[in-house]
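> Chain by chain, the residues run as shown.
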Amino acid sequence: TRDGLCNTDDIERSKTEGKELTKEEKQRLRKEKKQQKKNKEKNDEKTSHEGEKKKNKKKKEEQPAGSASQPPAQPSPKAVPAPAPPPPAAAAVPVPASEAPAPADKPAKSKADLKAERRARQEAERASKGKKGDVGQPAPTGKLKAPPSELQPVVKRLPEHVQVDNPEVVKKLAKKLERQQIPLRSDYGYKVSLFSHLHQYSRKAPLTQQLGIPSTVIHPAIVRLGLQYSQGIVAGSNARSVALLHAFQQVIRDYTTPPNEELSRDLVNKLKPYISFLNQCRPLSASMGNAIKYIKKEISNIPSQCKEEEAKIKLLNCIERYINEKIVLAAKAIAKYSIEKISDGDVILVYGCSSLVNHILCEAFEKKRKFRVIVVDSRPRLEGREALRRLVQKGISCTYVLISAVSYILPEVSKVFLGAHALLANGYVMSRVGTSQIALVAKAFNVPVLVCCETYKFCERVQTDSFVSNELDDPDDLIVTRKGKTQLEHWQKVPSLGLLNLVYDVTPPDFVDLVITDLGMIPCTSVPVVLRVKNVDQ
Amino acid sequence: MRRRHNHPDVVPNHFHRQHTHTQTPSCPVSPLISSRFYTTTMPAPDKEIDLTERIEAFLSDLKRGGSGTGPLRGSAEMARETTALLRRIAAQARWSNAGDLMEIIRTEGRRMTAAQPSETTVGNMIRRVLKIIREEYARSRGSSEETDQQESLHKLLTSGGLSEENFRQHFAALKANVIEAINELLTELEGTTDNIKMQALEHIHSNEVIMTIGRSRTVEAFLKDAARKRKFHVIVAECAPFCQGHKMATSLSEAGIETTVITDAAIFAVMSRVNKVIIGTQTVLANGGLRAVNGTHTLALAAKHHSTPLIVCAPMFKLSPQFPNEEDTFHKFVSPHEVLPFTEGEILSKVNVHCPVFDYVPPELITLFISNIGGHAPSYIYRLMSELYHPEDHEL
Numbered sequence: 001t002r003d004g005l006c007n008t009d010d011i012e013r014s015k016t017e018g019k020e021l022t023k024e025e026k027q028r029l030r031k032e033k034k035q036q037k038k039n040k041e042k043n044d045e046k047t048s049h050e051g052e053k054k055k056n057k058k059k060k061e062e063q064p065a066g067s068a069s070q071p072p073a074q075p076s077p078k079a080v081p082a083p084a085p086p087p088p089a090a091a092a093v094p095v096p097a098s099e100a101p102a103p104a105d106k107p108a109k110s111k112a113d114l115k116a117e118r119r120a121r122q123e124a125e126r127a128s129k130g131k132k133g134d135v136g137q138p139a140p141t142g143k144l145k146a147p148p149s150e151l152q153p154v155v156k157r158l159p160e161h162v163q164v165d166n167p168e169v170v171k172k173l174a175k176k177l178e179r180q181q182i183p184l185r186s187d188y189g190y191k192v193s194l195f196s197h198l199h200q201y202s203r204k205a206p207l208t209q210q211l212g213i214p215s216t217v218i219h220p221a222i223v224r225l226g227l228q229y230s231q232g233i234v235a236g237s238n239a240r241s242v243a244l245l246h247a248f249q250q251v252i253r254d255y256t257t258p259p260n261e262e263l264s265r266d267l268v269n270k271l272k273p274y275i276s277f278l279n280q281c282r283p284l285s286a287s288m289g290n291a292i293k294y295i296k297k298e299i300s301n302i303p304s305q306c307k308e309e310e311a312k313i314k315l316l317n318c319i320e321r322y323i324n325e326k327i328v329l330a331a332k333a334i335a336k337y338s339i340e341k342i343s344d345g346d347v348i349l350v351y352g353c354s355s356l357v358n359h360i361l362c363e364a365f366e367k368k369r370k371f372r373v374i375v376v377d378s379r380p381r382l383e384g385r386e387a388l389r390r391l392v393q394k395g396i397s398c399t400y401v402l403i404s405a406v407s408y409i410l411p412e413v414s415k416v417f418l419g420a421h422a423l424l425a426n427g428y429v430m431s432r433v434g435t436s437q438i439a440l441v442a443k444a445f446n447v448p449v450l451v452c453c454e455t456y457k458f459c460e461r462v463q464t465d466s467f468v469s470n471e472l473d474d475p476d477d478l479i480v481t482r483k484g485k486t487q488l489e490h491w492q493k494v495p496s497l498g499l500l501n502l503v504y505d506v507t508p509p510d511f512v513d514l515v516i517t518d519l520g521m522i523p524c525t526s527v528p529v530v531l532r533v534k535n536v537d538q
Numbered sequence: 001m002r003r004r005h006n007h008p009d010v011v012p013n014h015f016h017r018q019h020t021h022t023q024t025p026s027c028p029v030s031p032l033i034s035s036r037f038y039t040t041t042m043p044a045p046d047k048e049i050d051l052t053e054r055i056e057a058f059l060s061d062l063k064r065g066g067s068g069t070g071p072l073r074g075s076a077e078m079a080r081e082t083t084a085l086l087r088r089i090a091a092q093a094r095w096s097n098a099g100d101l102m103e104i105i106r107t108e109g110r111r112m113t114a115a116q117p118s119e120t121t122v123g124n125m126i127r128r129v130l131k132i133i134r135e136e137y138a139r140s141r142g143s144s145e146e147t148d149q150q151e152s153l154h155k156l157l158t159s160g161g162l163s164e165e166n167f168r169q170h171f172a173a174l175k176a177n178v179i180e181a182i183n184e185l186l187t188e189l190e191g192t193t194d195n196i197k198m199q200a201l202e203h204i205h206s207n208e209v210i211m212t213i214g215r216s217r218t219v220e221a222f223l224k225d226a227a228r229k230r231k232f233h234v235i236v237a238e239c240a241p242f243c244q245g246h247k248m249a250t251s252l253s254e255a256g257i258e259t260t261v262i263t264d265a266a267i268f269a270v271m272s273r274v275n276k277v278i279i280g281t282q283t284v285l286a287n288g289g290l291r292a293v294n295g296t297h298t299l300a301l302a303a304k305h306h307s308t309p310l311i312v313c314a315p316m317f318k319l320s321p322q323f324p325n326e327e328d329t330f331h332k333f334v335s336p337h338e339v340l341p342f343t344e345g346e347i348l349s350k351v352n353v354h355c356p357v358f359d360y361v362p363p364e365l366i367t368l369f370i371s372n373i374g375g376h377a378p379s380y381i382y383r384l385m386s387e388l389y390h391p392e393d394h395e396l
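Keeping their order, the protein sequence lines are chains A and B.
Residues 1 to 538 in full-length UniProt numbering are what the first sequence lists, from first letter to last.
Residues 1 to 396 in full-length UniProt numbering are what the second sequence lists, from first letter to last.
Check before you lean on any hint, since a few could be wrong.
[As the list claims (entries may be wrong)] The calculated DSSO-like cross-link candidates involving lysine-lysine, where the alpha carbons are at most 27 Å apart (straight line), are: (1) B:304 to A:443; (2) A:191 to B:229; (3) B:276 to A:191; (4) A:31 to A:42; (5) A:368 to A:341; (6) B:276 to A:443; (7) B:224 to A:485; (8) A:191 to B:224; (9) A:443 to A:341; (10) B:304 to A:415; (11) A:314 to A:534; (12) A:272 to A:172; (13) B:247 to A:191; (14) A:191 to A:171; (15) A:176 to A:296.
Note that these hints are calculated values from the structure, not bench results.
Using the sequences provided together with the hints, build the complete structure.
Here it is in structure tokens:
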């Protein structure tokens, strides 16, 4: 019966994937049916368990299609519709957890029972695989989606911020925030239908207005940070991460362990509402997600016999070291590699304001390389002006254009340097909106495109277009007054008019020629290799 | 002709011109004005003063700004104004044979195109009228235009071109014919937008997502006409720094079309969901390429990358016999204040700022041209050009 069980499991899995059953599988299926008729009573409980498992699988497969987002194409995607308690910070960067969390919708059996059954099934399958050999194996991809114990089980939860159109998820989030005593931020304005699964907030209504003063739940450093994020005062991947880490340092300094509590567990719980709050102010970036993961790991690794003062000093040093290694020293390493790529007489094009690219150019200028820079900028953020100021201060000769003039200026350009917000596991570069456009036009003119990115921004997520996971900024930013007339002033009143202010977009890897990281110069497609190496190290 | 009877002792025009070279000041003056110096005691005809005044007024309008910024808004109006002015010249100027008229028109035309080089519609209309004059002349002479035009290899080798034709024969009915033909041209011009509009339903199906950039009156009419029967979604790229896309979006949404405004930077990001790209243009070049508002080349590249068809709605008067190779004359720049305003202060003096107005789009990126005479592929444009303009007129 154990044998029969695992076979039906594999076949069911292949069936739900819509794969053609091989002849052997069909034969086995017929045998199974006969066996089932015979042992109906004995297998009753077990098959009902199978049925439940199949139902859940079907629900899970429907859910991603329903929320109009592309199901992540990683080994075993299991998007559970009702997210379990773990904080949204981890949700923003789904972690390949080594334990398989029990799905919440299984009231019939307790967690322990299910785990035991699953373990038994997995062992049976392993045994049967040894017996069968090559004959009658199910389709190879069916094998890949085999029980999670074969590969590291990657149980993914779809992050809340891309499920805004699912009322259940929104309700769950509201309940969680209420528990943590954090106000819920409401969406603003008409959302374009293609993006109804994302939040759209207004800058004029920051979350801090809804907080009481003084806020007892949230540390004031975090409140200030949240306000800086939502108003755009602190912007840019590195800046946000560093500000976050400094704020956490402040939190740790002011923290005292309550009696009968362990620092390693309590501090993590204390950080959860802060992370929710920051997420509400502005969705967390990939770099921030990685930093938070690191801090949580460090905190939970504090041995219980460690005294509080020691532990705090240790944590503060950890954070200091993280910032130093991953950001400051990484920038130096990347600058060293990039300077080899800048030759005299170069005309370099940069887009927007990337702290890393600015650093590289300033370093190259100090090393007496002769080049000039073209800064490309775009509405409504106009971040390029900041980059322009920094470069001009150094004495670098610059030209400034808007992104619509990029086909005019590109014949003069010899290289394009771009910054990145995150590098996704399938080689796509997630960066400020407009980056993919610059890469596209550069490719059409045969100009090399180099992306500079530190390794701490590498992300396990995969994405192929800019719709499924993005950030919508305040739509009122697009309104502009020219010659005394504001065309879009009353856009809210017109029912069929929508404004779209995207923040990020993804660049396909074939537009990017080289990625310069602190580990060296790699092609875009080597990102998952780096991630794997990093995971093994950790 | 009426004028002849008014001034019995007026000598034909071309004799006057020989005198003017010695006596008139060095600045280029219209031959019409110079002829005034040699009339007899009769005062200069009002019609001529009127005509020259109109021409000067038109030139100053052109100089003040091209379409969209000056009082002459839109290429269609510019074309109509030019044609009306040319008709007036044909009616009121003094000429005795086709050659004279063509010379007058050519000279005036050179001044007009010099006043605003980026406004190619003016030059196009002048060339159309010159072709009309040639046709009418040939018809009056009795020879069919096609055999004269056909540059067969044999003819090229034996005759050495059309140099014998000097258009000096006088035909009484030529003036009336020319004016009638120009009137036809004017009617055609008035109907261009309607002709393009009527083809809208052939190209737009329901539930489509259409992308456009900036503001084009032709595309606006096109989409509004299709919206009467079909429901679709339009995404408008705002086209900084002038942000004309905003006006387009408000106008379309008032007609009930679902519109979304995006920034120029989001063009590639959004392109994967777009079914068609429909744009207008300032000029259609002789090789089938476009001179369109800046940002169009990026849009065309993004459409090519996603294999989205790029449709250009351009009436025939925008077709120009220029090629894009002349670097000096292709681009037009406006004040960099639009891009980096003076409020930026200290860095302004150390930075070069560019604000080009036009973009070149090569013909490989274009799928279809929709004009008032139907739809064409970009490879067919050269043929249309040979029908509309005579090769000798390509250089005014």
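> Give a verdict on every hint.
A quick look at each hint next to the structure:
For a cut-off of 27 Å, the pair hint linking residue 304 of chain B to residue 443 of chain A stands: about 13 Å separates their Cα positions. Between the alpha carbons of residue 191 of chain A and residue 229 of chain B the distance comes to roughly 25 Å, so the proposed pair stays at or under 27 Å and holds. For the proposed pair residue 276 of chain B and residue 191 of chain A, the alpha carbon gap of about 22 Å is at most 27 Å, so the pair holds. Between residue 31 of chain A and residue 42 of chain A the CA atoms are separated by roughly 17 Å; this keeps the pair inside 27 Å, and the hint holds.
Restraint check for residue 368 of chain A and residue 341 of chain A: the C-alpha separation of about 14 Å stays at or below 27 Å, so the hint holds. Distance restraint check for residue 276 of chain B and residue 443 of chain A: the Cα-Cα separation of roughly 23 Å lies within the 27 Å cut-off, and the hinted pair is therefore satisfied. At roughly 24 Å between alpha-carbon atoms, residue 224 of chain B and residue 485 of chain A fall within 27 Å of each other, so this suggested pair holds. Taking the CA atoms of residue 191 of chain A and residue 224 of chain B, the gap is near 23 Å; set against the 27 Å cutoff, the hint holds.
Proposed proximity of residue 443 of chain A and residue 341 of chain A is supported: the alpha carbons are some 18 Å apart, at most 27 Å. Distance check on the hinted pair: residue 304 of chain B and residue 415 of chain A sit about 23 Å apart at the alpha-carbon level, within 27 Å; holds. Only pairs whose Cα atoms come within 27 Å are accepted, and residue 314 of chain A paired with residue 534 of chain A is accepted, the gap being roughly 23 Å. Among the hinted pairs, residue 272 of chain A with residue 172 of chain A is consistent with the structure: their alpha-carbon atoms are about 16 Å apart, no more than 27 Å.
Using a Cα cut-off of 27 Å, the hinted pair residue 247 of chain B and residue 191 of chain A holds, with the two alpha carbons roughly 20 Å apart. Taken as a hint, the residue 191 of chain A and residue 171 of chain A pair is honoured in the structure, with Cα atoms around 19 Å apart against an allowance of 27 Å. Only pairs whose Cα atoms come within 27 Å are accepted, and residue 176 of chain A paired with residue 296 of chain A is accepted, the gap being roughly 20 Å.
Violated hints for the displayed structure: none, as all numbered hints are satisfied.
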